[in-house]
Structures are given as C-alpha cells and as structure tokens.
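Same order as they appear, the protein sequences are chains A and B. Going by our numbering, the first residue of the first sequence is number 312, and it counts up by one from there. Going by our numbering, the first residue of the second sequence is number 312, and it counts up by one from there.
Simulated from the structure, these hints should not be mistaken for laboratory data. What you are looking at is a predicted structure, and each value in this text was computed from that prediction instead of being measured. We treat Cβ as the ideally placed atom computed from N, Cα and C, and that holds for glycine. Each hint should be verified, as a subset may be incorrect.
[Claimed, not checked] If you want the ones that stay clear, here's a sample from chain A, every Cβ over 10 Å from chain B, calculated:
| id | residue |
| --- | --- |
| 1 | P431 |
| 2 | A437 |
| 3 | R442 |
| 4 | D535 |
| 5 | S619 |
[What the hints assert, rightly or not] Under the rule of at most 20 Å between Cα atoms (straight-line distance), these lysine to aspartate or glutamate pairs were calculated in the DMTMM-like manner:
| id | chain 1 | residue 1 | chain 2 | residue 2 |
| --- | --- | --- | --- | --- |
| 6 | A | K461 | B | D587 |
| 7 | A | K346 | A | D587 |
| 8 | A | K653 | A | E632 |
| 9 | A | K346 | A | D357 |
| 10 | B | K461 | A | D587 |
| 11 | B | K346 | B | E384 |
Number of protein chains: 2
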Amino acid sequence: MTAHAHPIASTASTTMLPQPYLLFLGDVTEAGFAKTAFGLRDWAADSCVGEYALPGATVSTGLVQLTPAQAAERGARSMLIGVANQGGIIPQGWRASLIEALNAGLDLVSGMHARLGEIPGLADEAARLGRQLIDVRVPPATLPIATGRKRVGKRLLTVGTDCALGKKYTALAIAGALSERGLANNFRATGQTGIMIAGGGIPMDAVVADFEAGAAEMLSPDADPDHWDIIEGQGSLFHPAYAGVSLGLLHGSQPDVFIVCHEPGRTTVLGAPGYDLPSIEEVIAATVMLGRRTNPDIRCGGISYNTSGLDADEADRLMAEDGERLGLPVADPIRGGPAFDKLVANCLA
Amino acid sequence: MTAHAHPIASTASTTMLPQPYLLFLGDVTEAGFAKTAFGLRDWAADSCVGEYALPGATVSTGLVQLTPAQAAERGARSMLIGVANQGGIIPQGWRASLIEALNAGLDLVSGMHARLGEIPGLADEAARLGRQLIDVRVPPATLPIATGRKRVGKRLLTVGTDCALGKKYTALAIAGALSERGLANNFRATGQTGIMIAGGGIPMDAVVADFEAGAAEMLSPDADPDHWDIIEGQGSLFHPAYAGVSLGLLHGSQPDVFIVCHEPGRTTVLGAPGYDLPSIEEVIAATVMLGRRTNPDIRCGGISYNTSGLDADEADRLMAEDGERLGLPVADPIRGGPAFDKLVANCLA
Numbered sequence: 312m313t314a315h316a317h318p319i320a321s322t323a324s325t326t327m328l329p330q331p332y333l334l335f336l337g338d339v340t341e342a343g344f345a346k347t348a349f350g351l352r353d354w355a356a357d358s359c360v361g362e363y364a365l366p367g368a369t370v371s372t373g374l375v376q377l378t379p380a381q382a383a384e385r386g387a388r389s390m391l392i393g394v395a396n397q398g399g400i401i402p403q404g405w406r407a408s409l410i411e412a413l414n415a416g417l418d419l420v421s422g423m424h425a426r427l428g429e430i431p432g433l434a435d436e437a438a439r440l441g442r443q444l445i446d447v448r449v450p451p452a453t454l455p456i457a458t459g460r461k462r463v464g465k466r467l468l469t470v471g472t473d474c475a476l477g478k479k480y481t482a483l484a485i486a487g488a489l490s491e492r493g494l495a496n497n498f499r500a501t502g503q504t505g506i507m508i509a510g511g512g513i514p515m516d517a518v519v520a521d522f523e524a525g526a527a528e529m530l531s532p533d534a535d536p537d538h539w540d541i542i543e544g545q546g547s548l549f550h551p552a553y554a555g556v557s558l559g560l561l562h563g564s565q566p567d568v569f570i571v572c573h574e575p576g577r578t579t580v581l582g583a584p585g586y587d588l589p590s591i592e593e594v595i596a597a598t599v600m601l602g603r604r605t606n607p608d609i610r611c612g613g614i615s616y617n618t619s620g621l622d623a624d625e626a627d628r629l630m631a632e633d634g635e636r637l638g639l640p641v642a643d644p645i646r647g648g649p650a651f652d653k654l655v656a657n658c659l660a
Numbered sequence: 312m313t314a315h316a317h318p319i320a321s322t323a324s325t326t327m328l329p330q331p332y333l334l335f336l337g338d339v340t341e342a343g344f345a346k347t348a349f350g351l352r353d354w355a356a357d358s359c360v361g362e363y364a365l366p367g368a369t370v371s372t373g374l375v376q377l378t379p380a381q382a383a384e385r386g387a388r389s390m391l392i393g394v395a396n397q398g399g400i401i402p403q404g405w406r407a408s409l410i411e412a413l414n415a416g417l418d419l420v421s422g423m424h425a426r427l428g429e430i431p432g433l434a435d436e437a438a439r440l441g442r443q444l445i446d447v448r449v450p451p452a453t454l455p456i457a458t459g460r461k462r463v464g465k466r467l468l469t470v471g472t473d474c475a476l477g478k479k480y481t482a483l484a485i486a487g488a489l490s491e492r493g494l495a496n497n498f499r500a501t502g503q504t505g506i507m508i509a510g511g512g513i514p515m516d517a518v519v520a521d522f523e524a525g526a527a528e529m530l531s532p533d534a535d536p537d538h539w540d541i542i543e544g545q546g547s548l549f550h551p552a553y554a555g556v557s558l559g560l561l562h563g564s565q566p567d568v569f570i571v572c573h574e575p576g577r578t579t580v581l582g583a584p585g586y587d588l589p590s591i592e593e594v595i596a597a598t599v600m601l602g603r604r605t606n607p608d609i610r611c612g613g614i615s616y617n618t619s620g621l622d623a624d625e626a627d628r629l630m631a632e633d634g635e636r637l638g639l640p641v642a643d644p645i646r647g648g649p650a651f652d653k654l655v656a657n658c659l660a
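Required output: the full structure, derived from the provided sequences and hints.
Set out below in structure tokens:
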C-alpha cells in the first residue's frame, strides 16, 4: 500500500470530528494493530499533526513524535487512538496518556469496541475539563426512517464480492481522482476508519436495522446536480451475515453508479465457512436488480481489484483479461495508471 | 377477523415472557388502539386470564373483567399493556394501575415505544417488589454474528409484497394448521405482538444491522429433522426503508418454504409515496434468488391473500383466478376452507 495524500473533503452533517489529530500509538509492536494510524497517514495526512507513542512501541507512522502538549501547540484538536489490540479493549496502561491529552486541551477519538467512557475516571476527567470523548462506532442518536425520495446530485457506491477487500480505499481513491479533476465531491464514510479519515460519517453496521436505509439517506443529502457523493460500501449482498447492511446502504444511497470491489484469488467468504465467493457477474446482476428499486438508472461503472498479492505484470495481465471478458474497465486504484483513469472516466460517463 | 383459539407453542430460547397475562386496556375508546389486546385474545386465548379496563374505557375484548389482585389469584403472572395511544407514550393516568399490578405480584409487559423504566418511580417500585419490567421492543443484549451454517429441521418464512398485510397472521394460521395435523412446530415471533402471543421471540426491526441475520439464526435453532419453525416475516425486500431487515431475516432463517403475503387492491408501498407495489411474481423471484444463498432448496409454497376488503364470493373468484395464473395455491388463512388446506399441503409437500 503506497501513501496517498490528496485532500479528502470533510463530510456528513452527522458526527463532525475535531481535526487535526494527534495519532496515539500506545505501546504497539505489531504493524497490523496500527492499521487505523496508517490509514489516517495515507488518506488524511493534512489532518494529522504527528504521532504519540509510549516507551516500548516499535511501530511508527513516520510522522513527527509529539507529546499531547506539543501537538496542542501545533493546532491539534484531538488525540485519536490509532491502534487496536487483541479483543478491542483499551489497556489500563494507556489511561495516563489519555488523561494527559485531556489536560493538554485535546478531545479523545476512538473506534475501539470498548467505549472511552468505560475507562474508570475518564468521563469525570473529561467533564471537569470540558473535553469530549468521541466513540466513532456509536451512530447518531436520532435517525430517520427512509422515505425512498430521490435526492438531487450524483452518487457512487462501492460494493464487493465480500467484506474487507478494498471498498473504503476504492471510494477514497475515486474521491481523490474526482478532486484532481476539479469535480465537486464528498467521500461519505460508513465505517470507523473511513469516518476518522473524513472527519464524519455514520457507522452503518452499528445502526438499528429499521433505520439502516434512513441513515444512508441522511449520509448523502440533497446536493448540487453535478456534485458527486462517493459512498464507502459495507459487507456484501452475498455475505450470509451482512447482506442486510449492504442492502439498506444500497437502497438509501440510491447510487447512479457502483463499482464492484474484488480481491483476485479469494474464493471463500470471510467468516462463513462453506460459502463460495459470488462471481463479479452475480454481484453486478444482484446490485442492479435491487438497486433499481430506489434508482432505476443504476449502472456498474467498473471493477476495482485489490492486487496486493500479485506482481505488477501479473496484475496488469489479469485486469486486462477480466476487463475484456466483463466489458468493463478493471483497475487497481492503489496501482493507479491508465487503467484507473479509464475506470474513473467510465464512472463519470 | 374471526377469533382463533388453537394453541400456539411457546417459543424462542431468548426472551421468555411470564404468561398467562392480564390484558390492560387503560381508558381506551377506539378499538383500533386496542389491536394488541385483540391479537392476544384471538391467538393466545389460553395465555390470557382476563382484561383490566379503567373507568372511561368503552372498548372490551370480551374477556372477564379482573383487577390485578383477582388476576393474580387466577394465576396471572404479568399485566400486559394491550393498548396503544397516539405517539406511543404511556399516559400519566395509567401509572397508578401499573403500580397496583406490581403490588399484586404481577410483572409488567409492554410493546410501546416508550420504555416502562421511563415512567417516573416505576423502576424503583418494581425493584423494591422484586418484579420485572419487560419491554418487548428491546432485543436481547447479546446476539451472535451469523455463520450461515445450515441448521437441522424445517423452516417456513412468510414474506410480503409490503408491510402490514398479514405476515404474522399467516404464520400463526400455518402453525395452527400444523398443530391440528399433529405436526411438531413452533411459531417464531419477530415483532412485538407476535412475541407477546408466542411468549418469546426477537424484535427483528430493533436489532443492530450487523447482528440481524445472526439474530434470525438464533431465533430458529437446530431442531428435529421433521420439526417445522414457522417464522413471522418482517417488511419487504421491495420496501425502500425496510428491505435490509427482510434480507437479514431471510438469510438467517434459511427457509425451505416461503409464503408470499399480499393484500389485493393495494397498489402503492406503505409509507413510501411514489413506490408501486411489486408483483407477486417479482417477490417470488427475488426471494428465491436471495434466499438460495443460505438454503439452495428454497421454494415458494403458495400465496396468502388478506381479503378482508372483499366479500366471500369476490375473494373466492379472485383467489381461484390468481392461483391459476401463478400455478400456486392462493388462500386467505382467515377465511380458511379447502383453499387454505391446499396451501398448507403444498407447503408440506
């Protein structure tokens, strides 16, 4: 994964996070646990003033090391927990650093399963100092029931053959490409890391089912006719656990265009033993059939491959072949190049 | 709607409600607001010892009038709020009666939007007396993520061309018909009235989206190979607000057989102006396409019509015609008769 630094416009009228951030790394020793911090460095560099690691940490984002007080001096408004650990709990050893940040005038932002308010004493300390504890996994308290009313503006949704294969990165890359072309757009975040990057959004998997499509309608409100909302997809219509999330997001998003995200070589569904991955053709057909309900003009703009497991030649050959077969542009947004330009052009066509 | 009194087996390993009930009618003056009480009288008569109405009430279920103390003497274990009012709030004037019930040794059961614990003083009084306040709209605190693993036993799900057209009543009628034939079965409730009737279940529309299919898996666990779970459907795959709920329920239920519920004459979707009702054929095709993912053998067992707006001759003619066209049995379970027997037989075939 190479670094990207194009600006991602800040988004939704819902949660607005206090940016820029100081990235908190705790005492992390495995890069895999610092995925959130790396995502922010790669996609929201302008919103990160530096990193704060505890003694013992061996992983770094490469950003400047700052204490909370130094970060506050440089304009930071919050310290963001950029690291996960086994079980998603917040270790006792981090507590002093979190309180140090509150005392330095920073709010705290977390995407962990455990809530910040569950850390003993933290809520009292935040209240005393007038600081916020923000859990991005918590959806807005008041969400509407969807109406199905067609909204003004253009919308693109990333969908997938499965979970966790590049829907967020694809949406970010498309939003970046539109910005480079001078086209008005917003990246609309639907998961915790996306929300941290965008500075706002709705964690769609945490919304009560009755309000799922309504939350998606709220996430991409009426806009100028030429404005694009680039919406981060969730789950998959073919995932036995998460298809309901994907369908609510599809209906509420009313996309004009969708991109199917896929990881070549993946053959079984994540977390669902015995479930074969659907073909790209099946995903296109199901997305058109169901998406037509709220936007009769829905169409597939192309395919995004996550080819991180292949070398450049293999990737290029595979994408050319599959593009030929499908009659649609296939590109890896992380590799970019002319194939990706074609994908963007076809989405805008 | 005629009264039915066949036994509905008590269900899910999840919420178990304290039955039998005393039905609380408050000071209701419009029969429409007492829908819950009528549903319980019609479908769970054995679980209702009587009704308790306040001075001013003009609506009755026809059950014997009892005070909470008299009901407790006759074995009642809870008082159930069988009446709704505009806005779903619990009027101040009911408070004394609710406390009277707690003092008589009854738990309280409510399906209203407002929680029982929000009524000033009620939670303290219940705690003092060792009684429970049970809000059936609140799903279990711990729900699993769906695995998609195929479970043993047979399952039937009612689906619909829209909301609110007979999915609960159809499931109850099918469960009753199976019981009459001596076939082991459980009615599996997914909405508040159904849960009160069954004495257990999961309010599927109140579940967090990520756990929707997992909740449906939990609702109809492994059973004997010949056992039928008859699962109450929710929403519609074609409803722009609720399709995600319906898909999660479909995937998690893994039905072998589904029945499409429809109200002849309804042409637009409830609460979604501008949305035409899908045809029955479209609902069958979408349900098979999506349901196949977790049960490749899924099939349509027939169609349930809500013909309450037609006279008997019109209803019979219409159901015969449409059955011919669709090549499937069409029946109104409330009218019963040979058409309904055919529908049941085709589901079991």
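Comparing the hints with the structure gives:
1. P431: holds, 22 Å
2. A437: Check passes; 26 Å lies beyond 10 Å.
3. R442: holds, 28 Å
4. D535: Correct as stated: the minimum Cβ-Cβ distance to chain B is 23 Å, above 10 Å.
5. S619: Holds, since 26 Å exceeds 10 Å.
6. A:K461 / B:D587: Measuring from Cα to Cα gives roughly 14 Å; hence the hint holds.
7. A:K346 / A:D587: violated, 27 Å
8. A:K653 / A:E632: holds, 15 Å
9. A:K346 / A:D357: holds, 18 Å
10. B:K461 / A:D587: holds, 14 Å
11. B:K346 / B:E384: violated, 26 Å
When held up to the earlier numbered hints, the structure conflicts with 7 and 11 and fits the remainder.
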